[in-house]
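Chemist: Just so you know, the sequences run in chain order V and E.
Under our numbering, the residue at position 48 of the first sequence is numbered 48, and the numbers go up by one with no gaps.
Just so we're on the same page, our numbering is the position in the second sequence counted from 1, plus 398.
Worth flagging that the hints you see were computed from the coordinates, not collected in a lab.
Check the hints yourself; a few may be wrong.
Derived DEER-like restraints, expressed as beta-carbon distance ranges [as the list claims (entries may be wrong)]:
#, chain 1, residue 1, chain 2, residue 2, range
1, E, 655, V, 236, 46 to 54 Å
2, E, 486, V, 22, 32 to 40 Å
3, V, 35, E, 613, 54 to 62 Å
4, E, 543, V, 395, 51 to 59 Å
5, V, 59, E, 620, 24 to 32 Å
6, E, 550, V, 62, 54 to 62 Å
When the alpha-carbon atoms are kept at most 27 Å apart in a straight line, the in silico DSSO-like pairs for lysine-lysine are as follows [as the list claims (entries may be wrong)]:
#, chain 1, residue 1, chain 2, residue 2
7, E, 413, E, 627
8, E, 526, V, 238
9, E, 456, E, 413
10, E, 526, E, 465
11, E, 665, E, 627
12, E, 551, V, 213
13, E, 626, E, 465
14, E, 465, E, 664
15, E, 526, V, 389
16, E, 465, V, 206
17, V, 213, E, 469
18, V, 238, E, 465
19, E, 526, E, 626
20, V, 206, E, 469
Part of the chain V face toward chain E, derived, beta carbon under 7 Å [what the hints assert, rightly or not]:
#, residue
21, 17
22, 27
23, 30
24, 32
25, 41
26, 42
27, 45
28, 46
29, 49
30, 51
31, 208
32, 211
From the three backbone atoms N, C-alpha and C, an ideal C-beta is built for every residue, glycine too.
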Amino acid sequence: MFVEFFYTLRKRGIPVSPTSFLRLQKALSLGLVAGIDDFYTAARCILVKSERYFDLYDQTFAHCFRGAALAEDFSEVELADAVRSLLEEWLKSPEELAAALGLSKEAVGQMTPEELVRYFLDRLKDQDGAHHGGSRWIGTKGTSPVGHSGHHPGGMRVGGASRGKSAIKVAMERRYRDYTQQGPLTEVQMGEALKRLRRMVPSGPKDVVNVDKTVYETIRNGGEIEIVFDRHLADRLKVILMIDNGGWSMDPYIDLVQTLFNYARSQFKDLTIYYFHNTVYSRVWLDPTRHHKPELIEEFVRKDPETRLVFVGDASMAPYELMHADGALYVGQREMQASIDRLMFLAGIFRHSAWLNPQPESDWTGTWSIGRIREIFPMFELSLDGLEKAVQHLRSRN
Amino acid sequence: MTSEIKPLPFRGAAKYVLDEELARIVNISMALEMPLLLKGEPGTGKTMLAHAIAESLKMPLIVLNVKSSMKLVDALYQYDTLTRLNDSRFGDSKRDVSNIEEYIRMGRIGQAFVSEVRTVLLIDEIDKADTDFQDDMLDVLDQMQFDIIEIDKTMAARHRPVIVITSNAKKDLSDPFLGRCNFHHIAFPDTDMMRRIIGVHFPDLSKDLADACLAVFYRLREFRGIEKKPATRELLNWIRALRADPDFNARTLSSGTVPYLGVLFKKSGDLSLAAQQACRGR
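With the rest of the complex left out, here is chain V (with noise of 0.2 Å):
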């Protein structure tokens, strides 16, 4: 019975499991379904095990039972979407949206909303196809300036983030955009990618008993009871965070460092955190405004070298901030080593250290600092994979 449906299910990308449709026939057989609404609820509870798939089990339950069209093509949610974005975009800088459309500010200003979209729609509909690298279509990395990662500065962004694809393509795959890992990272995430990074060291007092040692100490002991006490199982794993705050450069990735920040501050015990501007010259700060309590780098020798290290920053900057003794940013900050040399420094008291870069990871050939950073420092993208992938690094050379 319904084994239509249960197919349509899974070509719409719902992960049904045999097991799981054989349960439903088995509710099915115990008389549990008496009308519709039952079979609904009863599919879904016994078929769906995520709630992202709610929205389309609905879709599929109407098209096999209600005979509801199922849109085969996404074009008008596309075109929704597209047109949803669009007009955010213009309620966010209505000059920038002028220029993307190549109309005057007072021209957009006089469109109505719909008339703006039909604009927007009747240029879409100019284009046949794919269109990247010209000059007039919506496409990407064009001077278009309505597309995505167009030079133009006032390039209006379509649908995702996605390179490469047009505009419209990216839109397309709506369905995944909830759930995608490009998403920002939340406190919870970082946990569970944070969790493994534990060193469990007893700590405390000693209030666990020990039942091995303790029968082995009885019996030693000619069967007098000798009870043996261990210490608790505590993490005690030392954190140096290091902070690029500085500049406009980080200001996108606000958010995310803040999460990760926040998430750090009540997650580890021993938790260092020192802030810096683009890259480590002879000192960092305790404090944000980099300004009252400075700490010089020859200082870090006297930390413990198991501590880990980790820094956060774009890595993204001149080749001579990096590479000149000195190339500090600010005048009459005089340097008597490059940066590169501090970076050298602290990365050979600390075995155990990883740069978390906040820039997708397809962006760093781009920069040459970030090259010659990596050389030092494992660099490891700031997302959930990224992340997971950093506290294996600084697991591993235990």
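Position chain E relative to chain V; hints supplied.
Modeler: Frame of chain V; chain E shown alone:
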């Protein structure tokens, strides 16, 4: 091993407002003898559902609060070595030292298995434990038996408990785990549902005040940038707080002032954000 299916369907409890869909799901899971996995925003009554099932079907409730450091065996049974050691040294207890079984104590899952009557077993916040724990536990719950290695004995469940599992996790549990559960996501209640929920908890609350509270509450949930939105639990506590305040009346709410924001927003960041936006909305 397992009892016959109780014909008694679940219809909700005194303090729990049940929507029909959820009632059906509970009844189907009970009939199929499958654990029911519940997800949803914190404070939407996942845990309360188990309490309600137990109350309405008059079954004892056994709660296993999962902790991150928990091992599966802790939930099943515990072998009390120390008491046995003590008894063997002093021999002043009535227990038979050579009989290890007398030193086995049941954990929560074990208690549900050996219970004389059918029980409701609530496994709360399963996502706290690691994946191995989850999968192993489901094996036990699937087989309805576990081994006690110390006495080489297999414990089988007398009655298959009604199992409710809750999870707050954003990310999914493992596939084998999901394969063995029925799944339901408790959506956040809409205004009508919420009005019924309030009605159950505060039968003497005037309609005007309830409406005013709800309006403010749903407006607060819309605030931007809030990390932990207030849920049903917060709303109920908030109404309780408002009623405890002798100076409070419904006019305060309609004028835009929101007293006791701290009851609704639990994170300091959220609280200050909400306070700002509440002022602006005035």
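Chemist: Tell me the numbers of any earlier hints that the structure contravenes, in ascending order.
Modeler: Result: hints 2, 3, 4, 31 break, sorted rising.
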